[in-house]
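> Sequence:
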Amino acid sequence: MLADRFRFSLLTFQSKSFGVAEVAEDLRREHLELRPIFENVHWIARPDGLAPASIEGLDLPEDARRFYSAAMAQKLRSLVDAGEADLVHVEFDLMAAYGRCFSGAAKVLTQHDMGGASFFGSYFREMSGWGKLARVPEWRRRVRFAKATGADYDRVVVTTEPDRRALLGMSPRATVAAVATGVDLEFFQRREPPRPGVRLVFVGHYPHFPNEDAALHLLRDIFPRVRRLEPQAELVLAGSDPTDVLKAAAANISGVRVTGTVPDVRPYLSDATVFVAPVRLGRGIKGKILEAFAMGVPVVASSRAASGLDAAAGRDLLVADGAARFADAVVRLIRSEPLRLGVGENGRRVAQRSYDWRTLAARLGDLYDDLLRPPTGPRAA
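Under the working numbering, the first residue of the sequence shown carries the number 1, and numbering increases by one thereafter.
Simulated from the structure, these hints should not be mistaken for lab results.
It is possible that some hints are incorrect.
Derived Cβ-Cβ restraints for the label pairs, each shown as a range [said to hold, decoys possible]:
#	residue 1	residue 2	range
1	359	338	28 to 36 Å
2	341	263	25 to 33 Å
3	54	342	52 to 60 Å
4	310	192	24 to 32 Å
5	241	2	41 to 49 Å
6	57	339	49 to 57 Å
7	363	341	27 to 35 Å
8	70	312	43 to 51 Å
9	310	168	17 to 25 Å
10	83	247	43 to 51 Å
11	370	168	45 to 53 Å
12	190	335	18 to 26 Å
13	241	221	16 to 24 Å
14	161	63	21 to 29 Å
By construction, the Cβ of each residue, glycine as well, lies at the ideal position given by its N, Cα and C atoms.
Construct all of the structure, not just a fragment, from the sequences and the given hints.
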């Protein structure tokens, strides 16, 4: 594992949405959980409001302005200046502006989702009528931001080869490497047979609009069709921070359960008859599908959700677009135990063959090695 090759520190935001006592307890709990991985954990209060529109010579899009903090930039700069980091790995494009606030350490950025390379692949909430047209300037700002920041880093990591090509199209001066997202096969082990019943399961962090959109698509368009053909079917929407819009939509539909934030999604995956991923926005590899694969849960996914996966449609998962076709694919799996078992087992083989976290972590470690000078002792990252 990477922790055997490098020493890691974490610099991250802490939400201001809790009271002082809650924040203190949250910090204590998170620090204890992170301590086995990170040698040092540094917390910065997440900023209120938006940062200035221009930082370090960059024109920041809205998402980046929400996550830019002068305190974070200063802390990062001080850690590098003190020699506490030989390499800084920045996660997510909305944090990419921090690459300009320091020098003297290797720089790596992970772009998890290149959906913004295309306007219609972007996930603005206003994607119909005049609202869609009003977002064109912001999309252009995102493209300029990706182009400018891509050249700031020694490596930009994406999760699929199509995303690598998309980023190079936006930022030709970037040095881009494709390292797939992986899954912990020891943590997400093959499940026991699920308890009786028919349960469709979707997992997501719902403030992330592509997840909310997929869940609403399930509720409004897909699940009613499944329910007409399989009246006993239930839909479970698991994951963190379900939005008010999602909870209101689910409240009016029989057979639907929204779990709210849960400490562990494995019990819900273990209980699933079918894992459903009708994602319509964004790109990149969906970790939720890899987790279902690892546990042997048969998957029905949209072509967008399946894009970039080293998996064969019809064998390792079923792929369908549009509410009617997606519902039909789900019903096929519900009605055929041999098909469910075969697709689930094939999906697990995909996870073992192509997405073992240990193998992919080693590739990322090799990338770090390429960027670091020959070590004279333990290295900090």
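> It remains to establish, for every hint, whether it holds in the given structure.
Do the hints match the structure? See the list:
no. : hint                    : in the structure
1   : 359 <-> 338: 28 to 36 Å : holds (31 Å)
2   : 341 <-> 263: 25 to 33 Å : holds (29 Å)
3   : 54 <-> 342: 52 to 60 Å  : holds (55 Å)
4   : 310 <-> 192: 24 to 32 Å : holds (27 Å)
5   : 241 <-> 2: 41 to 49 Å   : violated (28 Å)
6   : 57 <-> 339: 49 to 57 Å  : holds (56 Å)
7   : 363 <-> 341: 27 to 35 Å : holds (32 Å)
8   : 70 <-> 312: 43 to 51 Å  : holds (49 Å)
9   : 310 <-> 168: 17 to 25 Å : holds (21 Å)
10  : 83 <-> 247: 43 to 51 Å  : holds (48 Å)
11  : 370 <-> 168: 45 to 53 Å : violated (18 Å)
12  : 190 <-> 335: 18 to 26 Å : holds (23 Å)
13  : 241 <-> 221: 16 to 24 Å : holds (23 Å)
14  : 161 <-> 63: 21 to 29 Å  : holds (25 Å)
Hint violations for this structure: numbers 5, 11, all remaining hints satisfied.
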